[in-house]
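Number of protein chains: 2
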Amino acid sequence: MKDSLVERIFTGEPNAVARAISKVEDGSSEAADLMKQVFARTGRALIIGITGAPGAGKSSLVDKLAAFYRAKGERVGIIAVDPSSPFSGGAILGDRIRMQALSLDKGVFIRSMATRGNLGGLARASVEAVAILDAAGFDRVIVETVGVGQDEIEIAKTADVCVVVLVPGMGDDVQTLKAGIMEIGDVLVINKADRDGVLRTEKELEALFSLSVRADEWQPPIVKTVAIESKGIEELAAAIEKSREFQRNAPASHDRRKAIARWRILELLRERLVAQKLSGDSTAAKLEQLSAEVASKERDPYSAVEELLK
Amino acid sequence: MKDSLVERIFTGEPNAVARAISKVEDGSSEAADLMKQVFARTGRALIIGITGAPGAGKSSLVDKLAAFYRAKGERVGIIAVDPSSPFSGGAILGDRIRMQALSLDKGVFIRSMATRGNLGGLARASVEAVAILDAAGFDRVIVETVGVGQDEIEIAKTADVCVVVLVPGMGDDVQTLKAGIMEIGDVLVINKADRDGVLRTEKELEALFSLSVRADEWQPPIVKTVAIESKGIEELAAAIEKSREFQRNAPASHDRRKAIARWRILELLRERLVAQKLSGDSTAAKLEQLSAEVASKERDPYSAVEELLK
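Note that the protein sequences, when read in sequence, are chains A and B. Remember, my numbering sits 1415 above the position in the first sequence when you count from 1. Remember, my numbering sits 1415 above the position in the second sequence when you count from 1.
Please keep in mind that the hints were generated in silico from the structure rather than gathered at the bench. Among the hints, a few may not be true.
All copies of an identical chain are treated as equivalent in the list; a pair is satisfied when it fits inside any one copy or across any two copies.
Dumping the calculated DSSO-like pairs for lysine-lysine here, alpha-carbon to alpha-carbon at most 30 Å [unchecked claim]: (1) K1725 to K1692; (2) K1618 to K1657; (3) K1712 to K1673; (4) K1657 to K1521.
Isolated chain A, as found in the complex (with noise of 0.2 Å):
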């Protein structure tokens, strides 16, 4: 039964591969078998990260892209990470309406995923889905993380090329965002470029990188479009290839990959130790007495550890 899970996900089959992320999501106990099978056959896709800030115009950027790609014959899967919306499911159901169009096209997989419960593990499960449609022969995955925190950027680092999206003018926190993009920008993109403001933050990000050279001395490429009138995204799409490229031939993208396998090793080992630990009923009991002890303050959070750790 996993064996054939496996094999119609190596065909392709869009449930299998829907039942696939589920077991990862879940972190069932079939997970494991699945992925070691699944891992082997991953590698073949490029897998693009889009991050940035909310009203940027990620998701149109996303779809557009996303049916680029489908106009030249590329079957496409698309993972929205959305942890910020744990209980509410709102953005989730947005994205379905909005990708609406897309997912009624066969060569398109689309899928949301946020976060469940509180033992962690999104980003982990993020990164599993784009294995599972990697290996089932999808041309492209895009990866987009809706949060702009430190999960989201962790997820966005694993693509092969990391897009990040920003536009004209959005204040002064731009300054943050920038400072994490030296770090993770592959690409660079200036959405809703009809605006005003763009040369200025064109010129602003020019600046940012001329006085740092990565590790790779890649020089990202800033793009502009206008994604609700598909403007530039054939542009974008030949930055995200030109990127691939040249990584490809990088002595620093071994590097990479192996700061991105380290990262998963220790998102994994989190989620189990945590997970072996807390199993039992008793153990689940146990940290819910702590929990009401420290929220008395009968007890301190360190305490509560170490009786956990016993």
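Using the hints, position chain B against chain A.
Only chain B this time, still in chain A's reference frame:
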């Protein structure tokens, strides 16, 4: 020596507070003992979490709110959590410059916190820094999160009152933010309220909240501000106070405190378990070797973790 540091924290000495925060950031062995003593003295400060999209003007709002409290003679601690720029330090420098005026004031303590390394723990360390400021006698402790991802939301949730900052007309992704807001916002701010679209944003928020009833039945007030002109700050402070009063008496706030306690325990447990597992040079070397094997696809991440768990 350790006790004298704790005593100096309790008298509110800035150097002692700064040193203690460094210890919890580093996860040093003394941190546990320190935090056990600090924890017992917490619970007096009003802890205000401020979160929202980049570009919403959170920094200005924090500055003005802090100045408002100072004018009333209250001591203010500020923790600016910046998980998005682990290496650059750009945002941190920006914060420091920004807050220079405030930081000359001895009644204000400001600290920026960023990710260190890949073992996590920023969320845990930020919450502990808040506890240190609380124990040091600061009347108001403001936690500003720069990112808007899962970690940032977790941090904001641990505050007594969580303020979510929006701006008018932020585009489609506001829907996403809104979904998260229902869960965490005790007070909603529409900043830059001199811009077009304020009324629409306000109506949208009202419509959103009319659909949902929180477990504690609190109806989050919407406050309009123009932070850079100091407009609406008094109203914001009043809304924060009202939310705190409500929660003090609401039966559901016990559940809230317990959920925060559970989160703190799990964060700490996760960090401890990984640190325990990876302690020792041979394990560190093994992690490096396994990372290289996963990077070159000789091995999958799951079997790497099984190897480490042996």
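Tested hints:
1. When the C-alpha separation of K1725 and K1692 is checked against a cutoff of 30 Å, the pair qualifies both within a copy, at 10 Å, and between copies, at 15 Å.
2. With identical chains, the CA atoms of K1618 and K1657 are at most 30 Å apart within one copy only, with a shortest distance of 22 Å there and 45 Å across copies.
3. With identical chains, the CA atoms of K1712 and K1673 are at most 30 Å apart between copies only, with a shortest distance of 10 Å across copies and 43 Å within one.
4. Taking the shortest alpha-carbon separations for K1657 and K1521, only the intra-copy value of 28 Å comes in at or below 30 Å, while the best inter-copy value is 53 Å.
Checked against the numbered hints above, the structure violates none of them.
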